[in-house]
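*Asks:* Full structure from sequences and hints, please.
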Amino acid sequence: MSQKSETKAPPVAPLDAEEARELYRRMRLIRGFEDAVQSQFQKGNVHGTTHLYSGQEASGVGVCSLLRDGDKVAGTYRGHGHALALGVSAQGLMDELLGRATGLCGGRAGSMNVVDLERGLIGCFGIVGGSIGAATGAALSAKLLGTGAVAVAFFGDGTSNQAYFHECLNWAQVEKLPVVFVCENNLYMEFTPIEDVTAGAIGSRPMAMGIHTQQVDGNDLWKVREGAAEAIEHARSGAGPAFLETLTYRFVGHSRSDPGKYRKPGELDEWRKRDPLLVARTGLEERYGIEAERCDEIDAEVAAELERIVEQGLAAPFPDPAEDGKEFKDE
Amino acid sequence: MSEATIEFRVAVREAIDEEMARDERVVFFGEDVATAGGVFAVSPGLEEKYGRERIFDTPISELAISAGAFGAAVTGLRPIFEIMFADFLPLAMDSLINQAAKYWYVSNEQGSVPLVVRSAMGAGGNFGAMHSQSPIPWLQGIPGLKVVAPATASDAKALLKQSIRDENPVAFLEHKRLYSVKDPIGSEETLPLGKAAVVREGTDVTLASISKGVRDCLRAADELAERGVDAEVVDLRSLRPVDVATVLSSVAKTNRVIAVEEGPMVGGWAANLVGMVAAEGLQELDDAWIIACPETPIPYSPTLEDAYMPAEGRIVHQVSERLGLAAEIATGV
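Protein chains in written order, with the working numbering: chain A, 1 to 331; chain B, 332 to 664.
Hints were generated in silico from the structure; no laboratory data involved. Since we're looking at a predicted model, the values are computed, not measured. Beta carbons are placed, not taken as given, at the ideal position from N, Cα and C, and that holds for glycine. Wrong hints could be hidden among the right ones.
Stated by the list, open to error - Reference excerpt, derived from the structure (chain B facing chain A, CB under 10 Å, subset only):
id : residue
1  : 389
2  : 390
3  : 392
4  : 395
5  : 400
6  : 406
7  : 422
8  : 430
9  : 435
10 : 443
11 : 444
12 : 474
13 : 525
14 : 528
15 : 571
Stated by the list, open to error - Pairs of lysine-lysine residues, derived as DSS-like cross-links and limited to a Cα-Cα distance of at most 27 Å, are as follows:
id : chain 1 : residue 1 : chain 2 : residue 2
16 : A       : 223       : A       : 273
17 : A       : 223       : A       : 176
18 : A       : 326       : B       : 380
19 : A       : 273       : A       : 261
20 : A       : 329       : B       : 526
21 : B       : 380       : B       : 513
22 : A       : 176       : B       : 380
23 : A       : 261       : A       : 223
24 : A       : 43        : A       : 261
Unchecked claim - Reference listing, derived: stretches of chain A covered by chain B, where coverage requires no fewer than 3 residues with Cβ under 8 Å from a Cβ of chain B:
id : region
25 : 121-132
26 : 137-148
27 : 231-241
*Replies:* Set out below in structure tokens:
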């Protein structure tokens, strides 16, 4: 279903070959970053827990590739991909996960709660639905201050059963807020198939509120971009919020301790055939004549970059408890 | 000549009005606050003055309201939002606790969250168990969230103005039984958050409370004076940060402290305060105790609710009894 709007789809700003390669590079960076996180976790250098974005790269990169300076993004606890898609420093993010003073949040946030206000990342939220509330508020600012910005909330399929989802979608539509709700439907809410715990189709919920709603192939960078362009344009035009469901699949467990035993037999293999990186490579070749060898070079460059990033992160200092911050901002 | 006074609800309205006039980033929203003027008639007239862009009605969606305020506060607005009854705050708490209160610290001080949540709290109006609570202890234990509750109309205005100007999230709790009281107009434009005030000086015993409890303590102190007990009354004004130093200074003079809380003793702010006073000032203490409420939900029937409240009569009775007992021991009778 591709639903259903009065808004006419605007033409997606066409990418030139260089830009298209850069989006592939960013997706590759996310995948490699997550692999590095997993590896460093196993070595005891990344602490607590992690929720990896592997397999969902086209969704975050596709949406963020269409944002402007001043737009705001709220991500989730599966937020490394959202941050990197937005252009947050991979070094700063890795240092954060390694718990170092040089991290984006000085080591105070860790994997699930990263903030980079300079980049427009108003936060990643460790509690399901928090991103929706934060982006709704950011859209309220954009509207009342007349900034022309949009706010984007990334969240998963499981969030469609949260109060944040129902309350904020309704309020955003009533107030015609410039917010794009991006539901990354990876088929499982944590360990449970989403259909086992959800009445009706997720997209039917925003549609019932009259919200501009679309569903796209979340593993296809170009499909995501087409949908996101329409959704962002709708929100920015003042017509109210837009809802974009990106159908995707995570290649790893929900969190670091999850082996994914709930997957249906053969399901992971089927989705791996539609790996967003493979889909993007095919697109680069078909649309721009960029051959596989060039993508292999990008892969190698990204791998080398990540090796340097991990090395530098591991050499960075830990934060000093004696210099820890205060509870309140001073007047 | 009678002194000029102001009604508590008007003081709150004036604080919002003056701060909205002073700073156009200040906006105000909540359920029934704009067109209807609020269920406690705090905000009539503001919508006409500032327009629907800056003051507006919301759906009954406490979580969305709270989170919307958070997201707006980190992106340039200074929102005030109303949670109609403080009993409804649990619906808003994820955003308050996990987003607003943590943001300044966890973001490594990239951004702060200048929002104010106003809410009507307190028993004494026969509203029953779900419209009468004083949720200060639910809020006091949250690092990064300031908790303010004024006792007088003039304090309400000055403290709310400062809360709106504060760069941090502030929970501003207005006791329902105070909306219609009138107090002398204050001379201070704002009052600092986190600073207690000695509102009656005395030498025999320190009564510490907040919000309506301060007024109960002041009336009790008048009665105690007739019985020869000179009570000092400390209005805490804020419970996070909590000004233990002012209580300790008072205790250094009186050697006795009683914390009066409208709420259960277990897990309450009063037990916490007495604990902190004891930890730092045990050598000054001859006696310390707490006057709080039964460990039950708040009952509806007038006889039950009256008995539930830590009213002035109970304060007078307990102080008289306990000081009398102490005197007997002291004189060896």
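*Asks:* Confirm or reject each hint.
*Replies:* How the hints compare with the structure:
Proximity of residue 389 of chain B to chain A holds as hinted, the smallest CB-CB distance being about 7 Å (cut-off 10 Å). Annotation: residue 390 of chain B was flagged as interfacial toward chain A, and the flag holds, the nearest CB pair being 6 Å apart, inside 10 Å. For residue 392 of chain B, the suggested interface contact is upheld, since its CB lies about 4 Å from the closest CB of chain A, less than 10 Å. The interface hint given for residue 395 of chain B holds, since its Cβ lies 4 Å from the closest Cβ of chain A, which is under the 10 Å cut-off.
For residue 400 of chain B, the suggested interface contact is upheld, since its CB lies about 6 Å from the closest CB of chain A, less than 10 Å. The beta carbon of residue 406 of chain B comes within 4 Å of a beta carbon in chain A, closer than 10 Å, and the hint placing it at the interface holds. The beta carbon of residue 422 of chain B comes within 8 Å of a beta carbon in chain A, closer than 10 Å, and the hint placing it at the interface holds. Hint on residue 430 of chain B holds. Least Cβ distance to chain A is approximately 6 Å, under the 10 Å limit.
Interface restraint check: residue 435 of chain B against chain A, minimum CB-CB distance 5 Å, threshold 10 Å, status holds. A distance limit of 10 Å between C-beta atoms decides the matter here; for residue 443 of chain B the minimum to chain A is near 4 Å, and the interface restraint holds. Of the supplied interface hints, the one on residue 444 of chain B holds, with its beta-carbon coming within about 9 Å of a beta-carbon of chain A, less than 10 Å. At about 5 Å, the closest approach between the beta carbon of residue 474 of chain B and any beta carbon in chain A falls short of 10 Å, and the interface hint on this residue holds.
Annotation: interface hint on residue 525 of chain B holds; nearest CB of chain A at approximately 9 Å, less than 10 Å. Residue-level restraint check for residue 528 of chain B is violated (minimum Cβ-Cβ distance to chain A is 19 Å; threshold 10 Å). Interface restraint check: residue 571 of chain B against chain A, minimum CB-CB distance 9 Å, threshold 10 Å, status holds. Only pairs whose Cα atoms come within 27 Å are accepted, and residue 223 of chain A paired with residue 273 of chain A is accepted, the gap being roughly 17 Å.
Between residue 223 of chain A and residue 176 of chain A the alpha-carbon distance is near 26 Å, which keeps this suggested pair within the 27 Å criterion. Between residue 326 of chain A and residue 380 of chain B the CA atoms are separated by roughly 38 Å; this puts the pair beyond 27 Å, and the hint is violated. For the hint pairing residue 273 of chain A with residue 261 of chain A, the CA-to-CA distance comes to about 20 Å; that is within 27 Å, so the pair holds. For a cut-off of 27 Å, the pair hint linking residue 329 of chain A to residue 526 of chain B stands: about 16 Å separates their Cα positions.
Among the hinted pairs, residue 380 of chain B with residue 513 of chain B is consistent with the structure: their alpha-carbon atoms are about 25 Å apart, no more than 27 Å. Between residue 176 of chain A and residue 380 of chain B, the direct Cα distance comes to roughly 23 Å. Compliance with the 27 Å bound is thereby established for this hinted pair. For a cut-off of 27 Å, the pair hint linking residue 261 of chain A to residue 223 of chain A is broken: about 30 Å separates their Cα positions. Restraint check: the Cα-Cα separation between residue 43 of chain A and residue 261 of chain A comes to about 24 Å, which is no more than 27 Å; the hinted pair holds.
A stretch counts as covered by a chain when three or more of its residues have a beta carbon under 8 Å from one of that chain; for the region 121-132 of chain A and chain B the count is 8, and the coverage holds. Note: the region 137-148 of chain A has 9 residues with beta-carbon separation from chain B under 8 Å; the three-residue rule is met and the coverage holds. Judged by the Cβ-Cβ criterion of 8 Å, the region 231-241 of chain A is not covered by chain B as claimed, because only 0 of its residues qualify and three are needed.
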